[in-house]
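> Chains as they are written, first to last, in our numbering: chain S, 1 to 378; chain B, 379 to 779.
Relax, there's no trap hidden among the hints.
Which chain B residues stay away from chain S? Per the calculated CB distances, all over 12 Å, these:
(1) G408
(2) K435
(3) G450
In silico lysine-lysine, DSSO-like type, Cα no more than 27 Å apart, as pairs:
(4) K767(B) x K285(S)
(5) K563(B) x K767(B)
(6) K767(B) x K264(S)
Keep in mind the hints are simulated off the structure, nothing from the lab.
Each residue gets a CB set at the ideal place from its N, CA and C atoms; glycine is no exception.
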Amino acid sequence: MAVLNEEQSMLRDAAKSWTQEKSPVTAFRKMRDSGVDIGYDANAWNEMAEMGWAGVIIPEEYGGSAFGYLSMGLILEELGRTLTASPLIASGVGAASALVLGGSDAQKSEWLPKIADGSVVGALAVDEGPHHAPEKVALAATKSGSGYSLSGTKTFVIEGLAANLLVVSARTSGKPGDKDGITLFLVPADAKGVSRKRLALADSRGAANITFDKVEVGADAVLGAVDKGGDVLEKTLDRVRAALAAEMLGSANQAFETTLDYLKVRVQFGQVIGSFQALQHRAAKMFTDLELARSAVEAALQAIDADSPDVPELVSLSKAKMGDVFHLVSNEMVQMHGGIGMTDAHDAGFYLKRARAAEAAFGSQSYHRDRYARINGY
Amino acid sequence: MADFGGGDPEAFRKEVREWVEANFPAELKGRPNPMMREERAKPSEAQEAWRKAVGAKGWGTPTWPKQYGGGGLSSAEARVIQQEFGRAGAYNPIGGMGVMMFGPTLLEYGTEDQKLEHIPPICRGDVQWCQGFSEPGAGSDLAALQTRAEDKGDHFLINGQKIWTSGAQYADWCFCLVRTDTSKKHEGISFVLFTMHQPGVEVRPIKLIAGSSPFCETFFTDARAEKKNLVGPLNGGWTIAKRLLQHERGGLSGAGGGVGMGGRSLVDLAREYVGVDEQGRIADPDLRTRVVQHEIEGRSFQQTAVRAMLESKGNSGPSAATSIMKNAGTSWMQMRHELTLEIMGHQGLGWEGDAFKPEELGAVRGWLGGKAFTIYGGSQEVQSNIISKRILGLPDLTQHN
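All chains, please: the whole structure from these sequences, using the hints.
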């Protein structure tokens, strides 16, 4: 655990006690069984917003607390432990970061206070296929009067169904794959021509495909500069990736601890199975990997707070390492639990499903390994 | 916050920089520490002068107490010294097992007289130590050791054999685990010190798969250890040994100075031996993936070493967590050797001769020598046992039918 200041310790303790008391894994199960289409419990989200969590990275002048990304990561780690579903990453990190990094004063004043108090849920509409590829933007924004007309489709938009505000990457010049020629737009989700289709994913969290059919927006909907949205987008995505890695860190640690508890009570061959060296050494390997992953995740969040130039590589490092470790731990959770781990009544399946969804979101391990190598010139 | 003892960190940096400029012999700039070489030549005049200068200052062991010849400095000040030495291309001439393992252990467990006798020569680099722990029948199961120490009143007589005594052929003194009670296993072991320069000590180097001989077998026939050099209580050596092994693991993991093998990066080597595609990527995509994975692993290991250092503000010394660092660090270094060899292809398999560059010959020897990393200092498997039992609280296997 990073060395925390007083406000960070308080924030973490608050998040820990709230998730343990109000949002244990049974709450996630209840949400899943209810079939709620937005993929989270709206009442729980209201409580989180009341505690100020949606505004942790938002400047105080716009209604936030400006505690920063490490602080946000501490909250997300606790939420990840109990698999608490919420739009905190999509809205409080994704949409909020895009506005903070690229928004005009008017855009910030209009949206940030509402994101900070939870009354608006924002989401990033970025990808257009089954893999994260933020530069492969085909969705077209063409000049229309004094504004633009948007047409195309975004896929796997996280919290896309719940969102009131969409941050949309669109192509204003060039071709899919070019970094130049991407422009970001702020589009209210109820704008004419926007249609959303809920995606029911294995991890039961909120996601949607969103089609834009000649959606008319004004010139004031452009976030940042025309054709130059790629930079703000990349910086925003790095903040989201680091935040997601923090959530994954919490989930993976809890998956490991639950498994470790089981190894100490399950008896076979007249022994608790945790006395078997074949399992002990795998547990030791997981623990070692979790420690390395924690270092990588905390270093990425701290680099963002310090506005360090190596944010991109440290973020890719953390998402790749964290993805590998959560992958391993979630598989071992099921294997070491044996038959009970295969049942829906047990939580192991929740962690396994969440692991794969989180790994794929905003760049898989192979995406981030490749990016790490490219950033370092090979 | 870094602790500069209330002083000004920049003033201290200036002091170190000026001292290094005045005392470091220019001809040694960028040269490796002669102690790191397996075949040791007699040190040059400049090397001796540098050792004596650093030793007199106590800066080779900067955080050790001043009354025993250390620098008496904070870890923040020690880092400044390390940085300034690095900046000037200077090595730390004070090292070896006395610094890495024995000194910290004696500071913790030794009597005042023992510390006053043995610590200052380590700080000055005057005395080299070797470790008498492993025996032919006591490797991973170290407590099975058989070397006997017989009580002769004011001294012990030592008989038996030790193995893997690194650097024994250069050592002046030995810290040694001996059996003083045969009726018990762990509780029958004592920790004694004796000079290697005596008739009852015979050292034979062991030739290893890498062709070199950094390790020895050491035979004791009525070797003598004075009673005043018993560390800790009689039959109480195991506790001290475990502590010393934690210091050893901390050092072996590279956690102290960060992992690194010196020389060129894997990426540089791959550019030369494997080539790059039109986009500048390593031309073999499978190799590239494994190089990236390895780089990411190494970086997260370094981040963990930094985090561990920041978190252990109290500087309570190494804990069971050193087992994590030992396992992660040594497997990483082994993988680095494997990748280096693979990148060089046939050119990385040369044993000797002028068809191969020194760097290439070093690669194959390093690869072979590196196989020891996960065996010595407590094997990978022993470390995994320590992690599962002491950190994770998993139980021992009980007998069953």
